[in-house]
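Same order as they appear, the protein sequences are chains G and Z.
Just so you know, the first sequence maps onto residues 125 to 339 in the numbering used here.
Just so you know, the second sequence maps onto residues 178 to 408 in the numbering used here.
Because the hints were derived from the structure by calculation, they are not lab data.
These numbers come from a predicted model, not from an experiment.
Ideal placement from N, C-alpha and C gives every residue a C-beta, glycine not left out.
Check the hints yourself; a few may be wrong.
[What the hints assert, rightly or not] Derived list of chain G stretches under chain Z, where covered just means 3 residues or more per stretch with a C-beta under 8 Å from a C-beta of chain Z: (1) 149–158; (2) 223–229.
[Stated by the list, open to error] Here are the simulated distance ranges between beta carbons: (3) Z:Asp295 with G:Gln336: 50 to 58 Å; (4) G:Ser257 with Z:Ala252: 54 to 62 Å; (5) G:Asp237 with Z:Ala219: 50 to 58 Å; (6) G:Ala315 with Z:Phe386: 50 to 58 Å; (7) Z:Leu318 with G:Gln198: 17 to 25 Å; (8) G:Ser257 with Z:Pro309: 43 to 51 Å; (9) G:Met316 with Z:Glu400: 48 to 56 Å; (10) Z:Ser308 with G:Asp287: 33 to 41 Å; (11) G:Gly191 with Z:Gln292: 32 to 40 Å; (12) G:Ala315 with Z:Asp295: 23 to 31 Å.
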Amino acid sequence: MLEVDVYFQREEFSLQVTHHFSAPISGVFGASGSGKSTLLALIAGLLKPKQGRIRLNGKTLCDTHAGVWTPPHQRHIGLVFQDGQLLPHLSVRNNLLYGYQNISPQQRRLAPDTIVELLEIGSLLERKPAQLSGGEKQRVALGRAVLYSPELLLLDEPLSALDERLKQQILPFFLRIYDECKIPMIYVTHAMSELNFLTSQRFVVQDGKLQQEIN
Amino acid sequence: MLTDSEWQVLALSAQVGLWATLLCAIPGIFFGWLLARKDFFAKPVLDAVLFMPMVLPPTVPGYLLLVVFGSQGVAGQWLKNNFGIELAFNWKGAVLASAVIAFPLMVQAAKLSVQMIDRRLELAASTLGASPFKVWRTVTLPLMLPGILIGSIMVFSRSLGEFGATITFVGNIAGETRTLPLAIYSATHQIDGDAMALRLILICLALAFFSLLLSNLLTRRAERWLGVRRA
Chain G
125 MLEVDVYFQR EEFSLQVTHH FSAPISGVFG ASGSGKSTLL ALIAGLLKPK QGRIRLNGKT
185 LCDTHAGVWT PPHQRHIGLV FQDGQLLPHL SVRNNLLYGY QNISPQQRRL APDTIVELLE
245 IGSLLERKPA QLSGGEKQRV ALGRAVLYSP ELLLLDEPLS ALDERLKQQI LPFFLRIYDE
305 CKIPMIYVTH AMSELNFLTS QRFVVQDGKL QQEIN
Chain Z
178 MLTDSEWQVL ALSAQVGLWA TLLCAIPGIF FGWLLARKDF FAKPVLDAVL FMPMVLPPTV
238 PGYLLLVVFG SQGVAGQWLK NNFGIELAFN WKGAVLASAV IAFPLMVQAA KLSVQMIDRR
298 LELAASTLGA SPFKVWRTVT LPLMLPGILI GSIMVFSRSL GEFGATITFV GNIAGETRTL
358 PLAIYSATHQ IDGDAMALRL ILICLALAFF SLLLSNLLTR RAERWLGVRR A
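Excised from the complex, chain G in its bound form (with noise of 0.2 Å):
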């Protein structure tokens, strides 16, 4: 699915990430400034690594021995931020669609009732986003990323941003959507919680590197 073999650097920074994600669910802990965050960026095509290669599902999204490079855009990979990013002059209706609205109705794999359903944001639908609360726009956000039927879902730490409550209700929402729409997904997080709880496919990123957490 997707082979990474980058190194990145910035300053006194650099991560250095040789994986093959193939697991429908990889986990990726990481104390805050890691660099976990800054592979996700890497991987959607938001930063471009020093040098070294990402592919996904065969094609080559980026290379930079041959001078390849996909962008963010053309690469299909969805994204959902710690804040979710919902944006604030659309509704909860059109950041939905926003996305599905972008790619040709071929590509659509889900309908946006299904996903609606499922999250549970029905009521939201008219609303904009500075009148949800913290656990309604990241159910928005996954929403959104998931109607735009990607090929790969990123989620740069969905639940930091929320009470442990919160967490609670809505982390059964990501295995719902991966039982329901097989997107398969990286879930990058400073709680280990959360990673016990999705999946068993678990790395740590320590020290600039990618490893396999050994339980």
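Starting from the known structure of chain G, arrange chain Z on it as the hints suggest.
The following block gives chain Z in isolation, referenced to the frame of chain G:
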């Protein structure tokens, strides 16, 4: 209450102000965005050049406009020969003079509004398949709207007050280039012009107050629409 010539002054001022605002809008948005988002070698130079009209005595841009766009100027002759447009000593020249002087206000407002936008919103849009142009059109531009609105009101208000560049470039011709400040200037130089000057001054005070009030109200509305401020 107002005489015909006073109404004429008001109508001309509004006409010049509106055209100047339109003229500033697109380049103002573009340069504001450019200065806020792009890094390039000549950026400090461009920044300085764009904001020069704000610190120069307005007579200086006025004189330069006369040299370049006057009937003997290179650009002036080119416009006349190719498009039949004459700027010197008519209201279109007054528009250009006002636009040049007020332009930095538009750039500044646009620049600030772009700087306020969370870059991650644009990145989020790009990970949802939006091309850079689509990101600009559907995220950056709508979120700039409050700034563009304020910039437009500022440009319009500044145009209403433009004096130095206008009188230098297009003179003080009744019905053609005599906008509010020029009419006040003329009235104060007439023996019996005090009453007219007073009326025009009161109009200026009201206009300035209401345009600032309007920009404030519009900003609040726009912020609510954008969801920055809770309804």
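Okay, the hints, checked on the actual structure:
no., hint, result
1, 149–158, "violated (count 0)"
2, 223–229, "holds (count 3)"
3, Z:Asp295 with G:Gln336: 50 to 58 Å, "violated (35 Å)"
4, G:Ser257 with Z:Ala252: 54 to 62 Å, "holds (58 Å)"
5, G:Asp237 with Z:Ala219: 50 to 58 Å, "holds (52 Å)"
6, G:Ala315 with Z:Phe386: 50 to 58 Å, "holds (55 Å)"
7, Z:Leu318 with G:Gln198: 17 to 25 Å, "holds (22 Å)"
8, G:Ser257 with Z:Pro309: 43 to 51 Å, "violated (32 Å)"
9, G:Met316 with Z:Glu400: 48 to 56 Å, "violated (40 Å)"
10, Z:Ser308 with G:Asp287: 33 to 41 Å, "holds (37 Å)"
11, G:Gly191 with Z:Gln292: 32 to 40 Å, "holds (33 Å)"
12, G:Ala315 with Z:Asp295: 23 to 31 Å, "holds (24 Å)"
Checked against the numbered hints above, the structure breaks hints 1, 3, 8 and 9 and satisfies the rest.
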